[in-house]
Amino acid sequence: MGHDAHHEEELPFWRKYIFSVDHKVIGVQYSVTALLFLFFGFCLMMLMRWQLAYPGQPIPIIGSLFGDSTAPGGIMLPEFYNQLGAMHGTIMVFLGVVPLAVGGFGNYVLPLQIGAPDMAFPKLNMASYWSYFVGGVVMFSSFFADGGAAQSGWTSYPPLSITAPAGQTYWLVGMLFLILSSLLGGVNFIVTTLHLRAPGLSMFRLPFFVWAQLVTSFLLLLAFPPLQAAATMQFMDRVFGTSFFMPTGLVVGGQMAAELSGGGNPLLYQHLFWFLAHPEVYVLILPALGIIAEIIANNTRKPLWGYKSLIYSAIFLGFMSFIVWAHHMFMTGMGSTMSAFFQTTTMIISVPSIIILTALILSLWGGKIRFTVPMLFAVAFLPMFGIGGLTGLPLGLATPDIHLHDTYYVIGHFHYVVAPGTIFALFAGVYYWYPKVTGRMMNDTLGRLHFWFSFFAINIVFMPMFWQGMAGTSRRLYDQTFYAHGAAVQGLTIMSSWGAWMLGLAQLFCIINFFWSLRAGEKASDTPWHATTLEWATPTPPPHGNFLTEPRVYRGPYEYSVPNESSDYTPQFEA
Amino acid sequence: MEIPYIEEAHPETGVNNAKLGIWLFLASEVMLFGALFSSYIILRLGATDWPSGRVVPLNIPLATLNTMVLITSSVTVVMSWASLMMKDIGKYKMYMGITIALSFVFLVVKYFEYTAKFDHGLYPSTSTFLAIYFTMTGLHGLHVIGGIGVNGYLLGPGSKLWDTHPEQFTSRVECAGLYWHFVDLVWIFLFPVLYLL
Amino acid sequence: MDATTPEAFGLWLPPDLSVHGAGIDNIIWIMHYFMLFLFVGWTGFLIYTLIRFRERKGDATQTANYYGVQTHASSYLEAAIVIVEVVVLVGLSIPVWAELKGEPPAPNRADLHVRVVGEQFAWNVHYPGPDGVFGKTDASLVDGSNPLGVVWDDEAAKDDITTINQFHFPVERKILLDLTSKDVIHAFWMNVMRVKQDAIPGNTVPLWFEAKDTGKGEISCAQLCGLGHYRMKGFFSVDTQEEFDAWMAEQAEAAQGEDDYY
Ligand code: HEA
Ligand code: HEA
Ligand code: CUA
Ligand SMILES: [Cu+2]
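Protein chains in written order, with my numbering: chain A, 21 to 595; chain B, 33 to 229; chain C, 614 to 875.
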């Protein structure tokens, strides 16, 4: 798989930019595809928010665009609502955030930060992108399957998912491609990190971002296969009529399904799913934490506080995340012993997160804080993740979970970690590395507008959900006013919908900025942020093969404001 | 700049890129089949009546034959690698050829087993046991086909690498061998679990 | 207390008719005070830090402190957080759970034993009737007129009573409820009774609770179960023993009527 830089010129366009094996091109392909999916997933949600706020009223303006199978007369049907919900979740998690955080930033930045010419297996890298791409296309096309897209939630619990229309089969096939892509990626990242580090770059000189990616890769590698198994079995159930998840004497469509052999176990699927999906949520947060760490160190102009404790916490988090999964299943009829076990592990896993957040906040102390656009997003991340994380605690305790499970409280909890949490971190990353990738700075004013409007709007979206949930509103409700307790808090729902639409508008600042800066942004130097890590040792944008001369590393990653040094940053790569 | 450790081993891990990669991949494979085996256990424990291999006519002799076939193929794949170590590409091709041939034998036997089931009107949907039987052996079968693909490549077009980068080629063959051992190992578990227990 | 109208609900926890509910609500309250305390403290510190250590334009002398925080205060704070978590976990959550979901009372100990079976998209309630024994059920008998598939000519079934989306039970009595589902997974939720439990086809989960007050409320479904998930609403009514017996008699009448009708 060796490839040599001087072949580069001869490469035709399609080898260079489409079926490229260059980690930077692949990184960009991942990022752009993922950003589009994020945007799409968000659009689905803005539609849903209309039905939630104004149940049974025709969707204004675009309502007429929908067919009778989805929204006759512009009024959304329940099944369509469920499709939007399931696909929003799936797209955001598997086609948006993970590909952007790992496939995008990981691919582009990690090899640069460890001083490598490329990933260890460039062809595998390309394969993993295209596998992701195919998975995405399959998922997307499921909207046109008869009966529409998957509509059993992103969790796809059987028996519901097995009796669901064809879209669910697309979902399963799509998932298999996405899983394959993650597995290939995971292998590649681990080998790259362990083998391709530049001379002098010991494990404890790695930027925290690289560590975060490393732990993430292990999670992808070991947590996904069980879902692969579960998806395969569900596929068998749907296509070959097996009964892995179908119990005996099941009634389908008012009649007992006599053709089923039965003897299956619906809970088996849930265990397999959450065995993946809990580690998966840390896959959503770890790269984000990595990005935040880089940006905080750079903009406080001082080393991170407790660098090693960050690393150990991340590793511990990785291990623990494999033994907490059943905290999503407290209501499935769990005995005292099992629930006690999973409550305890869940409380334990909150500790490393607390340590990480504390370390990040303390890193600010004594700094010379530059409020650049990336830094604004990074700083906002801290309290937002705080809210999301803290609200995880009552959910982690089985007893309060009796009231909170499957309510909007849960929706609020995890959106605070993924939206103003991870999404903000990803925005921070975009603003931070954009100059290195494109050679141009993004516009500062537009960036600040994007930040302040998003920050304001996103809290209006998600804060009310805690009260909604507390009042007892179930999630995945097409029309919550159907229940007394739902009608009581409908005002909050309307508020949160308007928040979502505002948030949508706020994104225009970002999108305009993104494309406008490509052409008109001011030219960026090799290290516009005066940063210490290796990615800034390359020319901007980095050529094929990355480094002009093989970099050597002389010190830790965050040597900012070293006493009696002339400059306030001492790059890793300067002797 | 060149990607390092494609041929020689990394000082810290003691293996080269491909070797580390294949081990990691096998780790995830273990999780995959681990999940399926535990599903089998859970479903079987939860079952009221379990159609064991004797009730459903599973062809134990044929399966035993197949076990032998796979084990032999594991040996031959090692031989092919060994011959490369002894710089004997001819012997390598012979042994690799045998390995692939044996894998085909395995698939053919499996084909007869499957059709026999279908003729008895036994399908995945017939019982949970058969569902597991077909799913796991089917998945294993896919792995065998994958192995044939890889080994076939290394026997045919892939073997050109021998002339330019012999060490790299040898290590590729070794990795393919590791994968093949894994496929073999999975079967060694499947055989007793599905046919005898 | 009538919790079937929006007026009954405030912005925080719903009203509570159950004896055990206080145990759940307490933990929710404690946790949220704790979280609020942490959040306010942390955010306060955050904002203070941001202001105090902001970059001052044109101040050449300003430099960042390479060493940063020197004290170990944060370690103690983290330890404190852990201690609180442990106390709530071991002192409250685990014991309360053990009481609510641990060992179900023996059927003969319960004052009323009922079966609730979820279906797309309704709640079927099955009362054993005076003899306290449930009639046999058989999934193959399930149809529109017999949603539970009760074997009506079974002796024990003669006096059984089944209702749809109507669940009455007496106040200050131990209720034992066997929960299951016919088709997909649902979740039986009476939020003013602080009772929530997944109804899973193929396995039956016991639930037990006691109401401290009479009143009315809604049963909602908390697990996505298809396009009708949002309208899978039932009603429950906590009656006095007299009212309950009267209601039972009424239902028996109606049931008799039907039987002659066949
Ligand atoms: C990035 C994703 C992410 C992260 C990081 C977390 C983190 C945590 N989650 Fe979350 N969770 C999800 C994503 C995530 N979760 C999703 C997607 C679901 C829903 C799935 C579904 O059903 O669809 C879910 C659901 C979910 C449940 C199931 C709820 C239910 O269905 O009933 C539970 C229960 O235990 C839980 C617990 C936790 C806990 C204890 C943490 C802990 O790791 C949190 C630890 C962090 C802290 C404790 C904060 C530390 C900070 C401070 C203490 C200081 C505050 C700082 C400042 C104010 C500056 N989560
Ligand atoms: C990573 C995960 C993730 C993310 C980021 C989000 C983001 C958002 N989610 Fe989502 N959500 C889920 C995962 C996620 N969600 C999951 C798993 C569920 C459960 C599904 C189920 O029930 O099965 C869910 C469910 C869910 C519900 C509940 C539906 C229901 O229960 O019926 C709601 C309701 O409001 C909601 C809203 C939102 C909103 C308003 C956002 C906003 O924060 C969106 C903000 C997004 C952006 C701001 C990014 C926009 C992208 C761009 C601007 C790109 C720019 C482009 C270029 C620069 C080129 N989500
Ligand atoms: Cu029944 Cu949701
Ligand atoms: Cu979890």
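Everything labelled a hint here was simulated from the structure, so no lab data went into it. Since the structure is predicted, the reported quantities are computational estimates derived from the model, not experimental observations. Among the hints, erroneous ones may be present.
[What the hints assert, rightly or not] Computed Cβ-Cβ distance ranges for the label pairs, DEER-style: (1) C:674 - B:199: 54 to 64 Å; (2) C:708 - B:46: 34 to 44 Å; (3) A:77 - C:684: 24 to 34 Å; (4) C:848 - A:343: 36 to 46 Å; (5) A:85 - B:133: 35 to 45 Å; (6) B:45 - C:683: 50 to 60 Å; (7) A:275 - B:80: 38 to 48 Å; (8) B:104 - A:336: 44 to 54 Å.
All C-beta atoms in this analysis are idealised placements derived from N, C-alpha and C, irrespective of residue type, glycine included.
Among all the numbered hints in the text so far, which are the ones the structure does not match?
-> 2, 3, 5, 6, 7
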